[in-house]
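Protein chains in written order, with the working numbering: chain P, 6 to 211; chain U, 6 to 211.
Be aware that one or more of the hints could be misleading.
Copies of the same chain look alike in the list, so a pair counts if it fits in one copy or across any two.
Said to hold, decoys possible - Restricting the straight-line Cα-Cα distance to at most 27 Å, the calculated cross-link-like pairs of lysine-lysine (BS3-like) are: (1) K95 - K145; (2) K95 - K195; (3) K145 - K195; (4) K77 - K138; (5) K146 - K77; (6) K146 - K195; (7) K55 - K138; (8) K55 - K95; (9) K146 - K40.
If you are wondering where the hints come from, they were derived from the structure by calculation, not from laboratory data. This one's a predicted model, so the numbers in the text were calculated from it and none came from an experiment.
Read off the chains here:
There are 2 protein chains.
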Amino acid sequence: MRDPERTRRAILSAAFDLVYRQGFRATSVNEIVAKAGVTQGAFFHYFATKNDLGFALTEELLRDMILDRWIKPLSAYNNPVQGIARRFRKLMEATTNEEMGLGCPLNNLTQEMSSIDPVFRDKLRGVLQLWIKETERYLKKAQAGGYMRPEVDAMSAAEFIVMMEEGSWALAKVLGERSAYRSAYDGFRKYLESISTDGGSLRAHY
Amino acid sequence: MRDPERTRRAILSAAFDLVYRQGFRATSVNEIVAKAGVTQGAFFHYFATKNDLGFALTEELLRDMILDRWIKPLSAYNNPVQGIARRFRKLMEATTNEEMGLGCPLNNLTQEMSSIDPVFRDKLRGVLQLWIKETERYLKKAQAGGYMRPEVDAMSAAEFIVMMEEGSWALAKVLGERSAYRSAYDGFRKYLESISTDGGSLRAHY
Chain P
6 MRDPERTRRA ILSAAFDLVY RQGFRATSVN EIVAKAGVTQ GAFFHYFATK
56 NDLGFALTEE LLRDMILDRW IKPLSAYNNP VQGIARRFRK LMEATTNEEM
106 GLGCPLNNLT QEMSSIDPVF RDKLRGVLQL WIKETERYLK KAQAGGYMRP
156 EVDAMSAAEF IVMMEEGSWA LAKVLGERSA YRSAYDGFRK YLESISTDGG
206 SLRAHY
Chain U
6 MRDPERTRRA ILSAAFDLVY RQGFRATSVN EIVAKAGVTQ GAFFHYFATK
56 NDLGFALTEE LLRDMILDRW IKPLSAYNNP VQGIARRFRK LMEATTNEEM
106 GLGCPLNNLT QEMSSIDPVF RDKLRGVLQL WIKETERYLK KAQAGGYMRP
156 EVDAMSAAEF IVMMEEGSWA LAKVLGERSA YRSAYDGFRK YLESISTDGG
206 SLRAHY
């Protein structure tokens, strides 16, 4: 692999898989280079330390993964509140039992590294804040389009929505039961209905 | 300390404080006995291994803490759904900044130990299931008293409620901002209103 960008991506992608399955501290640089099929020299050319790799994992892969999973699909809906409900259901249905047992990669890394390393904490927090901010942007769009009640505070609602999204995956992981997603979805929908205007009601669409 | 029950409780209580602040694996038996003011011999008289102490911590202290914080206060309310909302607000207001930074002790231990040790996982999961089960019991009471809509599935609603309770503390910890509790509370209340009957509406009480 002589394409530098491709080598770097191969390292990040191998690291993502290993860290998702074993945790960051339990994953060694040796394992990452073996899985990526690159030399240690190549690794340290791109990342001065294992922590630097972890920061890139957070600010590039995890950030993109969150936007791809939770935010980008919303652009397909005229009513973003309906989009939030439908996208949740789709993600819930697409999650394999293995992924359910592993949980959310952002949440896992946050739980493992935030209290140990303040730089990690700030970068992980940054991804969560971006997730909230982008959700808020879509809620404001919903409000402007008359789908969400005008008295609802979009920022506060966005924090609550992201909390439910993360919380649902965390609960299913801990309980080890798919039914937890269904309970989360039912409650989530009730909440989304409560912030919708009559014209933007979700009920008609289900 | 020659009262055996008191010695055992002193060990558990010292362990709780240390584990809450540093994590289970980072806490040594030496630190626990020093903080409890007992000998290593006394420790190993009550707990054959450090893991056995961790199991007792989960099944006794964490279990009681969850029941004391989240379940027992509900008995004071005629309308348990209103009780759930008020108790959440009280806990949110009583949480210090230090506790906010440390998060929920049950959630922390679950995140740290569940994927590593299946015995720990089962015991921690048992506490979470008890929390859900007891919440369900109060929701059924609310339904029988005409406060909660009859079509709401009490078990599913209980899972969602506990997910929001755990999720709120997790979000505030990660964001490092008290405003996260307020966002969680606002959303939580909207949800609780949506499962209340008109006669059991929460609005009148705020």
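Here is how each hint holds up against the structure:
1. K95 - K145: Within. Shortest intra-copy distance 23 Å satisfies the 27 Å Cα cut-off; inter-copy 30 Å does not.
2. K95 - K195: both (17 Å within a copy, 24 Å between copies)
3. K145 - K195: Both ways: K145 and K195 sit 20 Å apart in one copy and 18 Å across, limit 27 Å.
4. K77 - K138: Within one copy only: 13 Å inside a chain, 37 Å across chains, cut-off 27 Å.
5. K146 - K77: within (14 Å within a copy, 42 Å between copies)
6. K146 - K195: For K146 and K195, both the intra-copy (20 Å) and inter-copy (21 Å) Cα distances are at most 27 Å.
7. K55 - K138: The answer is neither: 29 Å in one copy and 43 Å across copies each exceed 27 Å.
8. K55 - K95: Classified as neither: same-chain Cα gap 35 Å, cross-chain 43 Å, threshold 27 Å.
9. K146 - K40: neither (43 Å within a copy, 55 Å between copies)
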